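Trainee: Protein sequences appear in the order of chains A and B.
Counting in my numbering, the first sequence runs from 1 upward without gaps.
Counting in my numbering, the second sequence runs from 1 upward without gaps.
Each hint should be verified, as a subset may be incorrect.
Chain A is faced by these chain B residues, among others (derived, beta-carbon under 8 Å) [what the hints assert, rightly or not]:
no.	residue
1	Leu54
2	Gly76
3	Gly82
4	Ser83
5	Gly149
6	Phe347
FYI, nobody ran anything at the bench for these hints, they're computed from the structure.
Everything numeric in this text was worked out from a predicted model, so none of it was measured.
All C-beta atoms in this analysis are idealised placements derived from N, C-alpha and C, irrespective of residue type, glycine included.
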Amino acid sequence: MPLPATWYDGESSRARAVRLGCAQGMLQLAFDDAETRQWPLESVAINPRLGRTPRILRLPDGARVEVADSPELEAWFQGAGGRIEGFADWLERRRGAIIASAALVLAATLLFLRFGMPWLAREVAERMPPAIERHASDQVVAMLERIHFKPSQVPAARRASLDRRFRELVAGEPRSAGMRLSIVRAPGIGPNAFALPDGRIFVTDELIGLAETDEEVLAVLAHEAGHHVHRHGMRGALESSSVFVIAGLLFGDASGSSLAVSIPATLLTSGFSRGYEREADAYAFELLLRRGQSPKAFASMMRRLSAGVPKGLEQGPVGYLSTHPLSPERIAAAERAAAARR
Amino acid sequence: MPATPGEGTMSEAIPARPAAAMAAAGTGRVVRHQPAFAGRAGEYFGIWFVNLLLGIVTLGIYSAWAKVRSERYFYGNTTLAGSSFDYLADPIAILKGRLIAYAVVIALLLSSKFLPILYFALILALFALMPLIIVLGLRFRARNSAWRGLSFRFDREGGAAYGPFLGWQLLSAITGTLLYPLMKLKQHEFVAGGHRFGRKRFEFAGDASRYYPPYLVALGIGAGLMLAFGIAFSAAIFAGVHAAEGPAAQALGVGVVAALVLFYAGMFALGIFLRVRYANLLWNNTRLGPHRFESSLRVRDMMWLYASNLVAIVCTLGLAVPWAMIRLARYRAAHFAVLADGGIDDFVRDQEREHAAAGAELIDALDVGIDLGL
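With the hints as extra help, turn the sequences into a complete structure.
Mentor: Structure representation (structure tokens):
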């Protein structure tokens, strides 16, 4: 049975109705005005099958034929659309294959994000030359110094004692050689402490002022030391970069909206960073216990810190997006660690 | 005119009508051809997931074939005057472009974290090259888009893009966006006027009096939004000072977040408003020989489509992407038409020329897009 089709000469946009047939390895074209032409099948190129889109035949003389997909075409051309796309088409037409693909894609994505990427980031971070860690940190420090940092007003004696106690606290810990404590005044940042990838740890006058005892400051510093020991700075940077690369790979073709990609990616990266905070907390508790200090100091410091934050922000939707775990959760964890010691 | 990925279909819906068009301006017999889009979400869902799976299994190599199949799905399912569109790109060309694009993206991401100096150098270079990249992308898409066996062409030289896509962009920035509509006008002129179908060139005749109203509306609403948000925010801060404790503070926190969400939603909506209006202007001021185009996208429909697509995609962790793409393509097809004055059979083939794919792919990967065709 001949297939109704449309013929274009390849030179103009004129369309002519044609009927396609096949006999003895020849593709036969019968036009309405009784004109007929024929071409050897192997000289005709056909585009790969795709859903129910029309098939396009390229004839040796530059003409094109557009024809609705039909089983006859497969019989005539026998997979001439190419092996790669032929296989893709075979999969695309099987419900089971589609469901399996969907499941595999989801599973592969989740597994990679959960295990593959963190592993990769750790491996890469461990091999990262110290020069790069230093360079990255220098950039941050330069920026902070310009905008926020001012000379500390904490008495020199107390600074020296904090520095000494911090060095005693981390003595012998992995990567402790790179750790250096800096105390700065930063009214724009407020009570805070943070670790940079090369081991520089900053704590603000404001935090020291808020603390009631040096133990509380040291508990926070133990947490920051945890970030350095576990290379969180570098790993976090690597992971958040790769989330975007992966989201781009998976959905780049598809979503057309970078917003749709960046929202889940933001949620994911802040999820990673919450994981880091927990890891650093756990390290701090363990270190404090080993040095005969109580993680309770961490709990009381967290309480003081969170008292300065409006309650609504701590518990509302902002808390969910926050890069740190919610304070009540961290306080409870510190108290559990302190209790377990007895 | 070629637009961002997934939007290609409609964009290419330029096909025209007979050029020769009994040039007789006004044979008085105008026929309205509306594209029909036959893609189905269920079917495309399968194609999309197989694309993803094979992409993962081949560590990304297959993504070039995936791209071609995606584009072909949208092109092939769009018919105009009984003939479907055809996407001709060679996956290997796309693969090469894609490798270059990903290398650039990875360099950008890594350097932004570790080597800010290199990052700024790269951004600057990219910024300086952007007009060139845009032209390469337009060329690639045009020559790989065909209808009735004839392909489109984009034949402006790269250097010529520096006016509309860099000079005017800077002018618009310097004047605090006051020249934004003129920039749009110049860009549309460049893009529409640079395209040909067969040998026939598209012509663009827009004027500033039509390009300013959408901008002024957006400017007014945007300024109002900023003002309202500023007032709400300072009120919240003021109230926060007085209510540090208790349910009032909690309500305040929620209120601040709600205001932020509303603000971003407002900006999102304004962005769509401008894109829709300018897309309509682009098409409605373009002609191909005696034939005209009609783009009647409606702002509120597009807002609904984009917003609901966004929610659906986020809530289904991406499962809804195929459905979202299909409904956008269907809507666009339903709001586009070619007003053919005279026959559409007389377009004539032009000589072939090769152009690299790297430009097109760089644009995809960086999600720069050219929000012309919408």
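Trainee: Taking 8 Å as the limit, does the beta-carbon of Leu54(B) come near enough to a beta-carbon in chain A?
Mentor: Leu54(B) check passes; min Cβ-Cβ to chain A is 6 Å, inside 8 Å.
Trainee: Taking the closest Cβ pair, is Phe347(B) under 8 Å from chain A?
Mentor: holds (4 Å)
Trainee: Taking 8 Å as the limit, does the beta-carbon of Gly149(B) come near enough to a beta-carbon in chain A?
Mentor: holds (4 Å)
Trainee: Per the CB criterion, is Gly76(B) less than 8 Å away from chain A?
Mentor: holds (3 Å)
Trainee: How about Gly82(B): closest beta carbon in chain A under 8 Å, or not?
Mentor: Gly82(B) check passes; min Cβ-Cβ to chain A is 7 Å, inside 8 Å.
Trainee: A closest beta-carbon separation below 8 Å is what the hint needs, so does Ser83(B) meet it against chain A?
Mentor: holds (6 Å)
Comparing the model with each numbered hint stated earlier shows that all of them hold.
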